[in-house]
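Note that the protein sequences, when read in sequence, are chains L and Y.
Heads up: take any position in the first sequence, counting from 1, add 11, and you land on my numbering.
Heads up: take any position in the second sequence, counting from 1, add 507, and you land on my numbering.
If you are wondering where the hints come from, they were derived from the structure by calculation, not from laboratory data.
Backbone N, C-alpha and C fix where the C-beta goes; we use that ideal spot for every residue, glycine too.
Derived coverage of chain Y by chain L (criterion: at least 3 residues anywhere in the stretch with Cβ under 8 Å from a Cβ of chain L; other residues may be distant):
id : stretch
1  : 635–644
2  : 652–658
3  : 693–700
4  : 739–752
Label-pair ranges, simulated between beta-carbon atoms:
id : chain 1 : residue 1 : chain 2 : residue 2 : range
5  : L       : Gly55     : Y       : Gly553    : 54 to 60 Å
6  : Y       : Ser696    : L       : Arg13     : 34 to 40 Å
7  : Y       : Gly860    : L       : Ala52     : 45 to 51 Å
8  : L       : Pro78     : Y       : Ala815    : 34 to 40 Å
9  : L       : Gly96     : Y       : Gly863    : 49 to 55 Å
10 : L       : Thr75     : Y       : Ser689    : 23 to 29 Å
11 : L       : Ala52     : Y       : Gly581    : 40 to 46 Å
12 : L       : Gly96     : Y       : Gly608    : 47 to 53 Å
13 : Y       : Ala773    : L       : Gly55     : 29 to 35 Å
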Amino acid sequence: MRVMVREGLYTDGDPPALLASRCGTCGSVLFPRVDACTYCATEGPEPLDLTGPGTLWAWTAVTTPPPGYQGQVPFGMGVVELPEGVRVITRLTESDPGALEAGQAMELHIVTLHRDAEGQAVVTYAFAPVEAS
Amino acid sequence: MSAAASDVVIAGVGMHPFGRFEGVSTTDMGVVAVRAALDEAGIGKGGFQAAFCGTVYGGVATGHKVLSRLGMTGMPIVDVEAGCASGGAALMLAAGAIRAGQYDTVLVFGTEKMPKGIIRSSFFEQWQEEAGLAATPAFFGLRAQRLCMTSGVTKDHLARVVVKNRRNGAANSDAMYQKETSVEEVLASRVVCEPLHLFMLCSPNEGAAALVLRRADLAAEAPKPVTLAAAVLRSHIPGPVLSESTPLSGLANDEVPAPTTIAATAAYEEAGLGPQDLDVVECQDTDAARELGSCEELGLCEPGGSAAFLDSGAMELGGRLPVNPSGGLLSKGEPLGASALGQIVELVRQLRGECGPRQVVGARTALSHTVGRGANAGVVILIR
Numbered sequence: 012m013r014v015m016v017r018e019g020l021y022t023d024g025d026p027p028a029l030l031a032s033r034c035g036t037c038g039s040v041l042f043p044r045v046d047a048c049t050y051c052a053t054e055g056p057e058p059l060d061l062t063g064p065g066t067l068w069a070w071t072a073v074t075t076p077p078p079g080y081q082g083q084v085p086f087g088m089g090v091v092e093l094p095e096g097v098r099v100i101t102r103l104t105e106s107d108p109g110a111l112e113a114g115q116a117m118e119l120h121i122v123t124l125h126r127d128a129e130g131q132a133v134v135t136y137a138f139a140p141v142e143a144s
Numbered sequence: 508m509s510a511a512a513s514d515v516v517i518a519g520v521g522m523h524p525f526g527r528f529e530g531v532s533t534t535d536m537g538v539v540a541v542r543a544a545l546d547e548a549g550i551g552k553g554g555f556q557a558a559f560c561g562t563v564y565g566g567v568a569t570g571h572k573v574l575s576r577l578g579m580t581g582m583p584i585v586d587v588e589a590g591c592a593s594g595g596a597a598l599m600l601a602a603g604a605i606r607a608g609q610y611d612t613v614l615v616f617g618t619e620k621m622p623k624g625i626i627r628s629s630f631f632e633q634w635q636e637e638a639g640l641a642a643t644p645a646f647f648g649l650r651a652q653r654l655c656m657t658s659g660v661t662k663d664h665l666a667r668v669v670v671k672n673r674r675n676g677a678a679n680s681d682a683m684y685q686k687e688t689s690v691e692e693v694l695a696s697r698v699v700c701e702p703l704h705l706f707m708l709c710s711p712n713e714g715a716a717a718l719v720l721r722r723a724d725l726a727a728e729a730p731k732p733v734t735l736a737a738a739v740l741r742s743h744i745p746g747p748v749l750s751e752s753t754p755l756s757g758l759a760n761d762e763v764p765a766p767t768t769i770a771a772t773a774a775y776e777e778a779g780l781g782p783q784d785l786d787v788v789e790c791q792d793t794d795a796a797r798e799l800g801s802c803e804e805l806g807l808c809e810p811g812g813s814a815a816f817l818d819s820g821a822m823e824l825g826g827r828l829p830v831n832p833s834g835g836l837l838s839k840g841e842p843l844g845a846s847a848l849g850q851i852v853e854l855v856r857q858l859r860g861e862c863g864p865r866q867v868v869g870a871r872t873a874l875s876h877t878v879g880r881g882a883n884a885g886v887v888i889l890i891r
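Model the full structure from these sequences, guided by the hints.
This is the structure in structure tokens:
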């Protein structure tokens, strides 16, 4: 069994998806899913699933455990731009900034953060470089 | 310039140094700063009709506790939280109340005692912390990397910002770090979040700062009053994914202005001047890249031009537009509720010509800037 770090952010399927919204008035794509558009205040944007892949827009690595974090360091953190016109703050599976390049293709994965008190894996969304086939 | 009744002047300033002070409370530090500012302004009990206190971690009634210790209560005392811009928010409220005729003299102060290490912010939800996404230095690192991509900024530029500020800070007895450093030493410090090394990040710490604001006609006899030409606070417009509003997503659109730019545009309009008229600037330098980004967002240089601006020497003491002559937050550290007012204290002293070896000679027009989570951006313009 594995548990989501928070319900409602993503699906843990194959492939996984980020649960987003698209505003019917201004067309903006919003993640996480919202009740009202952040950009134009229209109520009730349409649900939209984001499955990627996207491109890498910015990245770094966190080398010291930040407050409240129980997983391993270093870990990658960055911004991935998705074709729907949205940029998403995300963990990255690659923790060596020198191994990444601007604009490279990135795909969505569900990764384990740590194990909870019952021994279950706590999982979240992350982006990984698309392996050359 | 002549004093109109609607003008607001800063009639007195005071500081408790920024640093780490074991056994000294948030209240103790506030008392030191407030007492000094009231002394300079020549006012005592009954001399001000309201007080605004900037603090983030101070807790319930931080301002009341300071003024109770001084035996000066009864007037409205309002604590103001606006993250890194808390002091700027307090200043805006005080200035607006005087301009509106509600009060003629207002005390503005900020006092803070922060935990050590990476700031733990109640801004983030629990799951964000658990997922590692509440890593404040990582957001700084991501913004720094984008600045490197868009503005030709290198790690050498980032190190030279630190060297400049630490050189200035070595001449500031209110700073936490009063020791110069070198590019080699900065780059030899450990990487916290690429491209930022430890010495490129400011330290959250402790301190207090205070100002007395008065209607200009009442302060004509105060020693060297400085006119508050603009005190602006703005929040963000959504869109930029790395905005200080710290969203989880943003738009693939680089045209949305940063909160700093929105606040600066309003402040220039309020003061009736532009960035070309400034003589000295204190800006947000929570990390070295933030200082360069601030220069671009404030219009001190062209968008994308901050590396060239630094290379030109303009930002140095003795340059065309010295930036952070106090040593900035990189030297002073950042006590959130006090940091914006600490900048104002420095600039008032600069405009009065009291800064000794770090004096910007002949400075008449000054700008201060803070920006942080919320987003909140504060821009203040002072004129002698």
